[in-house]
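**Q** So the protein sequences, as listed, match chains A and B.
So the first sequence is numbered by full-length UniProt numbering: it starts at 1 and just counts up by one.
So the second sequence is numbered by full-length UniProt numbering: it starts at 1 and just counts up by one.
Hint data in this document are derived by calculation from the structure and do not stem from the laboratory.
In this text the structure is predicted, and so the values were computed from the model without any measurement.
Hints are supplied without guarantee of correctness; some may be wrong.
To be verified - Here are the simulated PhoX-like cross-link-like pairs (lysine-lysine), alpha carbons at most 20 Å apart as the crow flies:
(1) A:K346 to B:K143
(2) A:K129 to B:K143
(3) B:K143 to A:K65
Stated by the list, open to error - Calculated Cβ distances over 12 Å to all of chain A for the following chain B residues:
(4) E49
(5) S176
(6) I248
(7) P269
(8) G310
(9) I350
(10) S420
Stated by the list, open to error - Across the chosen pairs, the derived CB separations fall in these ranges:
(11) A:E443 to B:G61: 55 to 63 Å
(12) A:R282 to B:A209: 26 to 34 Å
(13) A:G487 to B:T345: 46 to 54 Å
(14) A:K353 to B:V228: 41 to 49 Å
All C-beta atoms in this analysis are idealised placements derived from N, C-alpha and C, irrespective of residue type, glycine included.
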Amino acid sequence: MSTEFDRQAAAVKADLKRMLDAGCSFADARLYDEDRTERLTLYDGNLETNYGANERGIGVRALYKGAWGFAATADLASISACFDKALANAKAATMLPGFPKDMGPAQPAKGQYRPPVKQDPFHVPMSEKLALLSGIDAGLKDSTVAHRYVTAGFQRRKIFYWNSESTEVDRWQLNTFGTMAVMAPDAQGRTQRRTMELFCNGDGTRGYEWLSDPEAFGGHAERVRKELSEIIAADPLPAGKRDVILLPGQGFLQVHETIGHALELDRILGYELSFAGGSHVRLEHIGKLRYGSDKLNARAGIVLNSPGTFGFDDEGTPQRDYYLIESGILVNVLSSRTDLAEANAKAGRVAVKESGTAARACAFYRTPIDRMTNINIDAGNDGTLEDIIAATEDGVVLDVPVSWSIGSNREHFHFATEIAWEVKNGKKTKVYKNPTYHGHTLEFWNSLDKVGSKATWCLEQVPNCGKGEPNQIMELGHGIPVMRFRGVETGEKE
Amino acid sequence: MLEKRIRDLLLAARADARKQGLEAEFNFHRERSSLIRLGNSSVALSTSEELSRLDVTVQQGRKSGAYSMTSDITSPTQLAEALKVAATNCQAALAKDYDPIFGVVEEAVDDSTGFDPALEALSPVAKTELCKKVVDAVKPMGKYDFSGSWSSGSTEMYYISTANDNEAYRRLTDGSFIMVLKEQDKKWELQAERTQKRAGEFSADDVIAEFKAMLPVYEKNPGYKTHVDRQRVMFGPDAVANLLGLTIWGAFVGRMWEEKRAFSSNLKPGDRLFPESVTITDDPTNPNVFGMPFDFKGSRRRPRILCDKGILKTILYDSGTAAKYKRQPTASDLGNDDFCLSPGTAPAGIDAGRKLAQDALYVPQLHYVHMPDPTKGMFTCSSRFNARLIKNGEFVAPLLSSRVTDTIPSVFGGITAISSRTIPWNVSGTYDRRSPTAMSIPEYIICDGVRISDVADSF
């Protein structure tokens, strides 16, 4: 006897064929059989968020005469109507044609992806989760701490993908997030904060067992609390040009904003201009632009334990690992299949050979766009954090973003961090509060002169990367070593 | 009123909750929306979404739990399941150390005054035709490319709880049009933006005229790289809306104020916060905003003065913060408030503003705004579309990307002029469910001594 899902799958396949018969060159569908989330937040010991959700529905794309149409519905009894709507939208789009979209040669794929998970968080009793969070919360309590919070977030998605090239992909995604933070006012009344996010070295698993591992999360409560008390007692970071050593907790943001987003092909082609901005990178830069010093090796990587690892992207392309920047030279960009033909035609050469497997959508009701996967920096051979500090005459070690702001083409940035440790003559001396640093993207990355070894490398999770119209929140990860940059403007001058 | 089929299901779910002795709140949300996205002078994407969502919250004493589903909400079984999950979450919850406020629909609301069927049904074809007219008229004038988006649609919100039999319903339509013209070699970008409450509120000719009026300054002059210093800045509409948003967050949000994280935390109602020229309200009756008539705890929303001629009057309390700090909630349990910055006395119109400003930077939009220090109201952002240098009251050159790093009290403290004309500005977030939000803002403010902290070599 056929199940409801079988009927839906049959309907999708029939409609994909119908789209080809109607003149489409390509069509695809993503059916979210399940998209579950759970969020728990303890704020000052009170369970302020105790929330579960599930989303179910289908999103359909149709490519007609080089123009895209998309439609989505939560009504799985109306799959054919959804295809019709997508086709109608595509036909409307042909009224103002641009470079005709083309998916290139067919790339049929079949496969399944399952993330490494030992203990599905949705099978863990709520009482056990709350006991874990309460225990961590207790560890954050202190007379100097004014406010504290601990959060856990879980996602489980079961997504089926089909396209008109006979691709059939069945994949699950499961992610676990955790944050703890303490806040207190300093002598000037300014709120200071110290935060810790669930992180890993790239290995391991993504289930509940990760969150409950004290080394990865809960065991850091005492350090976090202690560092806040040091920040409160500290002086503000004096303004000045000095070396900046970024721990992975801040380095991930630097990579995210000034490499990841800047290398998304849709931005480079101008498709994000009206919203989150474009990119300083141009097609002619690919293969030529010195983006950073020769110490810089950035890749769109596959990391076992990361929300940026998903097996197949939302065009059914198997995820692959490749360099974006190799020895400081820009060699590739983040892309889907959709924009390759346009990019290469405009570049007048094959600037981007194949999909960067970056077509991703955050929900069944959003269409895939070019987005970051795991944008990682390869570990270097400059040793440990201590080695890099020992080699630094005048600098600061910075960790965890407080605020981030970047120019619309991602050339100039201004970041504030939670904590700075002063480095003088090869020694960590004291803590400073209110650190900020700012700079210009290429100049900054070209000042990179120390990259820590694999022991300094860790994967920071990003559960909330926003992009697109309508906007989409996406999850990913950044594997980052300790990095040193020379002569950076730090602090704020009046 | 909500479609009978759905309403009956939700009322039955409420009856079911009562039968089980549960205190439950039901919040139904439905959107029918569409968007066209332009890129490289063509329609890069045309989308439409039809989504229904239901949030159920169950409260038992000091415990609460919630569940949300996005699916085709047509079966009593699904609703029963949602109620069951919320109740289970509630049962497993930890008790709070205060008494949370349970939602009560204070008075029945059935508001479709903001609904325009023509805007709900606005087709991708109609949108494309308007955009095509602009592209066809302006593109041949230079090496220009157009991008942008036009989203529109309807939103329904329905809220009931087991506390009484009242129902709160509202249905409205909105649209947001953004079009960007980019010069392909020189890389400057111009933007035209419109907030829409009804179909046919603006025309292609109107947008063409706006671009044409700006183009000469950009075509005839190289980019101007300003200096790092305190300068006079004339902020345009999007920037004013951004500054108002930062002000609300950094000065009037109850949680921030109570926890001493707001820049107003050392003040109490009655104290001076800003100069006399600044009046801020949360006013659902203002014709420029979308006017949310109730919040999602069932409170009726009425005009509320937050800052009266510079004097701090009211702090905003959502129900959670109000319960925690034993304050009165201010009907602020929503994502779509109706904030208004009152007009001033300066002449209406951007051109009148630049004449008044004389020598200044015109910054109509702020990009990537962040607040490193809310306790001082310190924010940072960079200039973007349409930014120009004003010299002797004239726009004379496009402005290279310039960073502002200053505090809200300093910027508002330096206000020398506020336009006497206010306009609607769509600030709807699109991260989550469609929740139309607009601010009523003066079309410009002029401020002295705004700190420019960095300048890029490009736009």
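**Q** It remains to establish, for every hint, whether it holds in the given structure.
**A** Each hint tested on the structure:
no. : hint                         : result
1   : A:K346 to B:K143             : holds, 15 Å
2   : A:K129 to B:K143             : violated, 58 Å
3   : B:K143 to A:K65              : violated, 25 Å
4   : E49                          : violated, 5 Å
5   : S176                         : violated, 10 Å
6   : I248                         : holds, 17 Å
7   : P269                         : holds, 19 Å
8   : G310                         : holds, 22 Å
9   : I350                         : holds, 20 Å
10  : S420                         : holds, 30 Å
11  : A:E443 to B:G61: 55 to 63 Å  : holds, 59 Å
12  : A:R282 to B:A209: 26 to 34 Å : holds, 32 Å
13  : A:G487 to B:T345: 46 to 54 Å : holds, 49 Å
14  : A:K353 to B:V228: 41 to 49 Å : holds, 43 Å
Hints 2, 3, 4 and 5 from the list above are not met by this structure, while the remaining hints are.
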